[in-house]
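Quick note, the sequences are listed as chains A and B, same order. Residues 253 to 454, numbered by the numbering used here, are exactly what the first sequence covers, in order. Residues 253 to 454, numbered by the numbering used here, are exactly what the second sequence covers, in order.
Hint data in this document are derived by calculation from the structure and do not stem from the laboratory. Values in this document were obtained by computation on a predicted structure and should not be read as measured data. Errors might be hidden in some of the hints.
Chain copies aren't distinguished; within one or between two, either way the pair holds.
To be verified - Below, in silico cross-link-like pairs of lysine to any residue (SDA-like), each with a Cα-Cα straight-line distance of 20 angstroms or less:
hint: 1; residue 1: Lys281; residue 2: Ala296
hint: 2; residue 1: Lys304; residue 2: Pro385
hint: 3; residue 1: Lys442; residue 2: Arg369
hint: 4; residue 1: Lys302; residue 2: Pro262
hint: 5; residue 1: Lys286; residue 2: Phe348
Protein chains: 2
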Amino acid sequence: MRTIAALVFPGFELLDLFGPMEMFGLLDKEFDLKLVAESMTPVASNQRLKVKPDITTDANIQYDILFVPGGAGVRREVNNKALIEWIVQTSNTAEFTLSVCTGSALLAKSGVLDGHRATTNKAAFSWVVEQGPKVEWIRQARWVEDGPFITSSGVSAGMDMTLGALALMHGIEIAEKVAMWCEYTWHRDKENDPFAKLHGLV
Amino acid sequence: MRTIAALVFPGFELLDLFGPMEMFGLLDKEFDLKLVAESMTPVASNQRLKVKPDITTDANIQYDILFVPGGAGVRREVNNKALIEWIVQTSNTAEFTLSVCTGSALLAKSGVLDGHRATTNKAAFSWVVEQGPKVEWIRQARWVEDGPFITSSGVSAGMDMTLGALALMHGIEIAEKVAMWCEYTWHRDKENDPFAKLHGLV
Numbered sequence: 253m254r255t256i257a258a259l260v261f262p263g264f265e266l267l268d269l270f271g272p273m274e275m276f277g278l279l280d281k282e283f284d285l286k287l288v289a290e291s292m293t294p295v296a297s298n299q300r301l302k303v304k305p306d307i308t309t310d311a312n313i314q315y316d317i318l319f320v321p322g323g324a325g326v327r328r329e330v331n332n333k334a335l336i337e338w339i340v341q342t343s344n345t346a347e348f349t350l351s352v353c354t355g356s357a358l359l360a361k362s363g364v365l366d367g368h369r370a371t372t373n374k375a376a377f378s379w380v381v382e383q384g385p386k387v388e389w390i391r392q393a394r395w396v397e398d399g400p401f402i403t404s405s406g407v408s409a410g411m412d413m414t415l416g417a418l419a420l421m422h423g424i425e426i427a428e429k430v431a432m433w434c435e436y437t438w439h440r441d442k443e444n445d446p447f448a449k450l451h452g453l454v
Numbered sequence: 253m254r255t256i257a258a259l260v261f262p263g264f265e266l267l268d269l270f271g272p273m274e275m276f277g278l279l280d281k282e283f284d285l286k287l288v289a290e291s292m293t294p295v296a297s298n299q300r301l302k303v304k305p306d307i308t309t310d311a312n313i314q315y316d317i318l319f320v321p322g323g324a325g326v327r328r329e330v331n332n333k334a335l336i337e338w339i340v341q342t343s344n345t346a347e348f349t350l351s352v353c354t355g356s357a358l359l360a361k362s363g364v365l366d367g368h369r370a371t372t373n374k375a376a377f378s379w380v381v382e383q384g385p386k387v388e389w390i391r392q393a394r395w396v397e398d399g400p401f402i403t404s405s406g407v408s409a410g411m412d413m414t415l416g417a418l419a420l421m422h423g424i425e426i427a428e429k430v431a432m433w434c435e436y437t438w439h440r441d442k443e444n445d446p447f448a449k450l451h452g453l454v
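With the rest of the complex left out, here is chain A (with noise of 0.2 angstroms):
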């Protein structure tokens, strides 16, 4: 069984955090879900509803699993000292490293993608790009795979790449199955990306 740390601050967006925690959470032998943040309090998501954590940052816990979504928050906790210096250490001890939309911005501030390939929300792109200038940022993909880093596009994007995750850890018909459950229509190939287009970046 994996252990996941799924980050949560104010402002994180909704459906980047719970289509992933969906399908994860749907394999409950394999994987473990915690929901972590700087403190117990119940933090708001970027459409206001609230959820509550089960761990603080503050634990010294190893995760297999890092898993930051992206949001209007993003904005804000790209200068949260202590909480990038979090996102260094859970990155470099776990097995894989995964962020939705802007999620990477936070990845990218830590270092932790310097030298990797790495992809994020198409409507946000050259904000990101600043964020970590030494990333090989891709402009056309719905998710990147590069060794243990998983980055994926915006939102929704984040459950085809959770797909692909569960394909890369249990093999496709895991991954075929866990769709079938959720009624998704996975969008298997990494590199369709009709949104980049759509937002002038190709």
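Once you've looked at the hints, dock chain B against the given chain A.
Positioned in the frame of chain A, the structure of chain B alone reads:
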């Protein structure tokens, strides 16, 4: 502005709730979202992660939209008389009543769907049908609109339904904008349901 009462109960399905809440929540001048539960205690989803309710079912409030997710907890809540009574009252005074997945079993059990067309999760179809024998159940549909009732198929279908509901309330261009913000490929044909066949329903 329309207020949405999104019902949560132990064992609700994460994506049933948060896919639609992501999309309604992006239109923060049009929709005011509230998580409604029987108590203010954090509520554990089917994926174990917890949400913090905004308000209880005791509060005597009229909502514009009632939203009911599905999940394993539905099998218990169909026998929760106080909750079923709240659903009847809230649906009777709401402009729209929406459900995702087995959430329609709660609506069916409450009787509000009697004589209406509705759909549900294809993997749980026969059990849901038993909860409301006077409902006209549609075996193959991504979602079904019948007057004030908009019910969707399983999990991810809730996002397609929500975009359909946004088109109904605010026009197709708004629905398309929200889909683009979420980088979501909208299955806009209500009849397009490949999962009915996969589950042997047609």
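Hint check results:
| no. | hint | result |
| --- | --- | --- |
| 1 | Lys281 / Ala296 | between (29 angstroms within a copy, 17 angstroms between copies) |
| 2 | Lys304 / Pro385 | neither (34 angstroms within a copy, 38 angstroms between copies) |
| 3 | Lys442 / Arg369 | within (13 angstroms within a copy, 38 angstroms between copies) |
| 4 | Lys302 / Pro262 | both (9 angstroms within a copy, 16 angstroms between copies) |
| 5 | Lys286 / Phe348 | within (15 angstroms within a copy, 35 angstroms between copies) |
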